[in-house]
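Chemist: In order, the protein sequences belong to chains A and B. Just add 23 to wherever you are in the first sequence, counting from 1, and you've got this note's numbering. Just add 23 to wherever you are in the second sequence, counting from 1, and you've got this note's numbering.
To be clear, the hints were calculated from the coordinates, so they are not data collected in a lab. There may be inaccurate statements among the hints.
It does not matter which identical chain is used: a pair holds within one copy or between any two.
No farther apart than 27 Å at their CA atoms in a straight line, the calculated lysine-lysine pairs in the DSSO-like style are these [stated by the list, open to error]:
#1 260 with 339
#2 339 with 88
#3 362 with 44
#4 362 with 339
#5 377 with 260
#6 44 with 196
#7 406 with 339
#8 44 with 88
#9 260 with 362
#10 196 with 88
Note that this is a predicted model, so its numbers are computed, not measured.
There are 2 protein chains.
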Amino acid sequence: MSAATQAFIRERRSQLLDELKTFLRIPSISTLPEHRPDIDRAAGFVADSLRRAGLENVEIIPTAKHPLVYADWLHAPGRPTVLCYGHYDVQPPDPLELWISTPFEPTVRDGNLYARGSADDKGQFYMHIKAVEALRAVHGALPVNLKFLIEGEEEVGGASIARFVAENPARLKADVALVSDTALYADGIPTLCIGLRGLVYTEIEATGPSRDLHSGLYGGAAPNAVFGLIELLSRLKNADGVIQVPSFYDDVEPPAPAERESWERLPFREEDFLEEEVGSACLTGEPGRSVLERVWARPTLEVHGIAGGFTGAGAKTVIPASATAKVSLRLVPRQDPDKVVAAFRQFVAAQTPKGIQTQVRVLSAGPAVMVNPDHPAIRVAAKAFSDTLGQPTVFIRSGGSIPIVGDFATHLGIPTVLMGFGLPDDGLHSPNEKYRVENYYLGIMTIAHFLEEYGESGVA
Amino acid sequence: MSAATQAFIRERRSQLLDELKTFLRIPSISTLPEHRPDIDRAAGFVADSLRRAGLENVEIIPTAKHPLVYADWLHAPGRPTVLCYGHYDVQPPDPLELWISTPFEPTVRDGNLYARGSADDKGQFYMHIKAVEALRAVHGALPVNLKFLIEGEEEVGGASIARFVAENPARLKADVALVSDTALYADGIPTLCIGLRGLVYTEIEATGPSRDLHSGLYGGAAPNAVFGLIELLSRLKNADGVIQVPSFYDDVEPPAPAERESWERLPFREEDFLEEEVGSACLTGEPGRSVLERVWARPTLEVHGIAGGFTGAGAKTVIPASATAKVSLRLVPRQDPDKVVAAFRQFVAAQTPKGIQTQVRVLSAGPAVMVNPDHPAIRVAAKAFSDTLGQPTVFIRSGGSIPIVGDFATHLGIPTVLMGFGLPDDGLHSPNEKYRVENYYLGIMTIAHFLEEYGESGVA
Chain A
24 MSAATQAFIR
34 ERRSQLLDEL
44 KTFLRIPSIS
54 TLPEHRPDID
64 RAAGFVADSL
74 RRAGLENVEI
84 IPTAKHPLVY
94 ADWLHAPGRP
104 TVLCYGHYDV
114 QPPDPLELWI
124 STPFEPTVRD
134 GNLYARGSAD
144 DKGQFYMHIK
154 AVEALRAVHG
164 ALPVNLKFLI
174 EGEEEVGGAS
184 IARFVAENPA
194 RLKADVALVS
204 DTALYADGIP
214 TLCIGLRGLV
224 YTEIEATGPS
234 RDLHSGLYGG
244 AAPNAVFGLI
254 ELLSRLKNAD
264 GVIQVPSFYD
274 DVEPPAPAER
284 ESWERLPFRE
294 EDFLEEEVGS
304 ACLTGEPGRS
314 VLERVWARPT
324 LEVHGIAGGF
334 TGAGAKTVIP
344 ASATAKVSLR
354 LVPRQDPDKV
364 VAAFRQFVAA
374 QTPKGIQTQV
384 RVLSAGPAVM
394 VNPDHPAIRV
404 AAKAFSDTLG
414 QPTVFIRSGG
424 SIPIVGDFAT
434 HLGIPTVLMG
444 FGLPDDGLHS
454 PNEKYRVENY
464 YLGIMTIAHF
474 LEEYGESGVA
Chain B
24 MSAATQAFIR
34 ERRSQLLDEL
44 KTFLRIPSIS
54 TLPEHRPDID
64 RAAGFVADSL
74 RRAGLENVEI
84 IPTAKHPLVY
94 ADWLHAPGRP
104 TVLCYGHYDV
114 QPPDPLELWI
124 STPFEPTVRD
134 GNLYARGSAD
144 DKGQFYMHIK
154 AVEALRAVHG
164 ALPVNLKFLI
174 EGEEEVGGAS
184 IARFVAENPA
194 RLKADVALVS
204 DTALYADGIP
214 TLCIGLRGLV
224 YTEIEATGPS
234 RDLHSGLYGG
244 AAPNAVFGLI
254 ELLSRLKNAD
264 GVIQVPSFYD
274 DVEPPAPAER
284 ESWERLPFRE
294 EDFLEEEVGS
304 ACLTGEPGRS
314 VLERVWARPT
324 LEVHGIAGGF
334 TGAGAKTVIP
344 ASATAKVSLR
354 LVPRQDPDKV
364 VAAFRQFVAA
374 QTPKGIQTQV
384 RVLSAGPAVM
394 VNPDHPAIRV
404 AAKAFSDTLG
414 QPTVFIRSGG
424 SIPIVGDFAT
434 HLGIPTVLMG
444 FGLPDDGLHS
454 PNEKYRVENY
464 YLGIMTIAHF
474 LEEYGESGVA
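Model the full assembly from the supplied sequences, consistent with the hints where possible.
Modeler: Here it is in C-alpha cells:
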C-alpha cells in the first residue's frame, strides 16, 4: 500500500481509537424499544462520520423499524464500485454483572478494547469509514467508487435492509460488497471467509388439552403437549445427528478436494476445540466427517430452546396444554430454503403425535453463500491481507450465516469480500465483548490497501 | 343419624357458613415466605376451633417448616378411634386477574362459595371440626375416640407431617383415618375413594457444552443439551404411552373383575370427558384399556415441564449448555417406589445420549394405596353417605396421590376413609376455586352421622 496512507493512519492511532470509543458509548441496542433514541443517535453518528470522510449523498433512510444510512462517492470512472456494509446496532449487554468494565464505557485492557459492539460490528465497519477518510486525505480522491449501506437491525433479523436491497438494486449497483463482520482464523492469520451456511429459523408450537390438567386425574388418557413436542422433535435427527426430513440432503454437495486439503493445513486441533471451546464430554455429529466439514460444509438442525409446563422450583403435577420450541436448520450451498421449509413443514405435520396439534412459524429463511476464490476482488483482498499481516491468506468457510451476503448475491448479483479482523474469542453477544486494538489499526490499513490495489487493478 | 344432631346442624347453617368464611379470609399460602404470619394465624384459628369443639390437648406443634395442629378426645373406652386429617394451607391464587371475586374474600354466587381453599382443603376438613362440635353439643360426649392432625404444608410437599407420623406412631394410634380432600364422582352421588396412585416426582438436568454456543460456529460438532434431553425423554414411552423402563410393569395387577364392572356402571361418558374436561383432538394412552382403567389403575409417566436454551421472542441461535425437565411416574398398588426409582435412574443413565450428562433428582416417592371396601369403617361410611344423600354409595379410585394416606398405612397400619364432598369442577389450584355450600352442610351431617354409626357399630 502507499507509504503515505500507511503513515497517515499510523500517526493518527490515538485519534482513531478515541473516535471509535465515542461511537461505542452509544448504547444502540436494537431489540429494546427504550433504546430507540440511541439507535437514532448512532445512525446520526454514522452519517456524520461518512460526511467527514468525504462521502456524498449521505442520507438517513427511515424504514419500518430502524433507519438505514446510505452514502456514496462515485467519481472514479472506469474503476470498480465497492459496496460497504455494516451494522450500527448491538446486542443487549445482559448479564451486566459479568462485565469487568461497563459495556458502554469502552476500556482498553491488555491490548483489547472492551465494549459491547467493539467487534460486532461497530469497531469493524467503522474501519471502512476510517480507511476511506485516510485515502481521501492522502490522495485527495478515492481509488474506487464507493457506496455505503449501514443498517440498525442486524441483531433483530435485518428485515428492513433485506427489503431495501430487494427494492433498490439500481441504486446499490456495485461490483463487489465488502463486509467486516467475521474473525481471523487465529490471531495473525489473514483470513478470507468464502462460504457461509444459510439459515431457516422456525418456531414450533404444540397444543394438547385445552388447559393444563392435573396429571393424577388425567394422566393415562390425556395428551401432553410437552411430551408430544418432545416426541416430534426427537424424530428430526437420528442418534448420529443425521436429519430425518425426507429429501433434505438431496442437493448437498461435498466440499471440493482442494478445499478439503486446504482445511487440513489449518492449525486446527480437535482436542483444543473440544476442551477450550465446546467443553462437553465429547464432540458429536455425523460419523466419518471432520469437525471442520461438519461445522462449515454440512447442514445441521438445532433446537435452540424449549419451554412448556411447570419449570419452577419443586413439584407441580400438570399435564401441560402447550409447549414451544425454536428450531433452526443451517443450510449449505445448493440447498433451497423454500424447498427445505416445505419439506420441514410436511415432516412436522406427518410426525405430530396423536392428540397434539402443531404449528410451524418460519421466522427467517436464507440460502448459503459461496464466493469463488478466483474472483478478482477476492484475489486482491487476499494479497492486501497477506501484505499487511505478512502471512499467506487462508480461505475458510464459516458455519454461521450473514443473510445480507445472500441478499447481495440474489438481488445485486455480486460477491462479497468477507474481510473480518475479529478473533474467535471476542465474545460476540456475550459479556466482555472485546476487539483487539491492534487489529483495528491493521484492519484500517488492510482495507485502505485493498481499495487502492483493487482500484489500480482496473477490473470493473 | 340422630334427629337432634341433624336439627342442630340445620339450625346453625348461617353461623356455620360465617365461621368458614372467617377461616377462608386468612391467606395461608404455604409456598410464599411473606405469608408465614398468615400460616401462623391459620394454625391458631384451627387450634381455637378445635378447643371450641370440645377437643382436648390442643397443641400447635412447631416443625422445620409450618406448624402442625394436634388435638384429641379419648373418653369413649371400647369405642374405635378416628384420626381426622386436613390441611390449613392453600395454593397461591395467581393469576389474580382471572378471579371474579377476590380469592380471600369468600363470596357466595349460585349456591357456591368462591374462595381459595374453599374446597382444598379448609372448607372440607373444617366440616370434621363442626361435626364434632355438633355431636358434643347434642350428646354431651362423642361417639368415638378422636384425634386430629392438621398440617400447613400439604401444598408444598408435606414433609413435616410425614416425618411426624413416622416418628409418633404411638401418639397417633387409631383404627381408621378420615380425610375429606376428594370429590364426589358427580353432584349428588355419594362417593368413597378406595384407591390412590402413588407418585415418584423427579427432576432431570442435562448438560452438554460448558456454555451456550453459537449454533453457526459449532452446530454439527457440539452436543446440544436441549436436544439431548429431548432424545432421552422421548425414549421413556412408546407412541402408545407404554413406559419403556425395564421391569416397570412387573408388579402391576389388573383391577378385579368386580371393580371393573362397578366402574362400567358409573355415569361416565368418554365424549364428555374428552370435550368438557380434556379438550384435545382425541384421548390417548394404552390401547385396549378403558379411560377409567387408564387414569385409575394404570401407572403413567408425564413430563410436567421442560426448560432450556432461548425461548424469548424472535430468533437466537444458541446451542444450549443445559436443560431441565420435571418428570413424574404415577404408581399403582404393589409397585415399590424405591424399585421404580432405581429402574428409572438406570434407564436414564443408559439412554443419555453421547456428549450429554444427566442428573436425576428425586423430589418425592410414595406408593399407591388401596383400601379394602369390606373394612368396617368403609362399610359404615358408605351407609352414612347413602343415608344422607339418598343414593347408593359408589366406590371409585382416583388417579391422584395423597401421600399422607400412604404414611398412615405404612406407619400406623390403618386404612383411610376418603370421604370428600367437593365436585369435579371445583377448580382446585385454579382461579375461582369454589365449594358448593349445600355440600358443606351435607358433609357436616354425613361426617356426624358416620361418627355416630361407627361408634355404635362397636368395632374397635
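Chemist: Confirm or reject each hint.
Modeler: Hints and how they fare:
no., hint, result
1, 260 with 339, "between (31 Å within a copy, 20 Å between copies)"
2, 339 with 88, "between (41 Å within a copy, 19 Å between copies)"
3, 362 with 44, "neither (45 Å within a copy, 63 Å between copies)"
4, 362 with 339, "between (42 Å within a copy, 23 Å between copies)"
5, 377 with 260, "both (20 Å within a copy, 14 Å between copies)"
6, 44 with 196, "neither (32 Å within a copy, 77 Å between copies)"
7, 406 with 339, "neither (63 Å within a copy, 36 Å between copies)"
8, 44 with 88, "within (26 Å within a copy, 55 Å between copies)"
9, 260 with 362, "within (18 Å within a copy, 33 Å between copies)"
10, 196 with 88, "within (24 Å within a copy, 72 Å between copies)"
Consistency with the previously given hints fails for numbers 3, 6, 7, ordered from lowest to highest.
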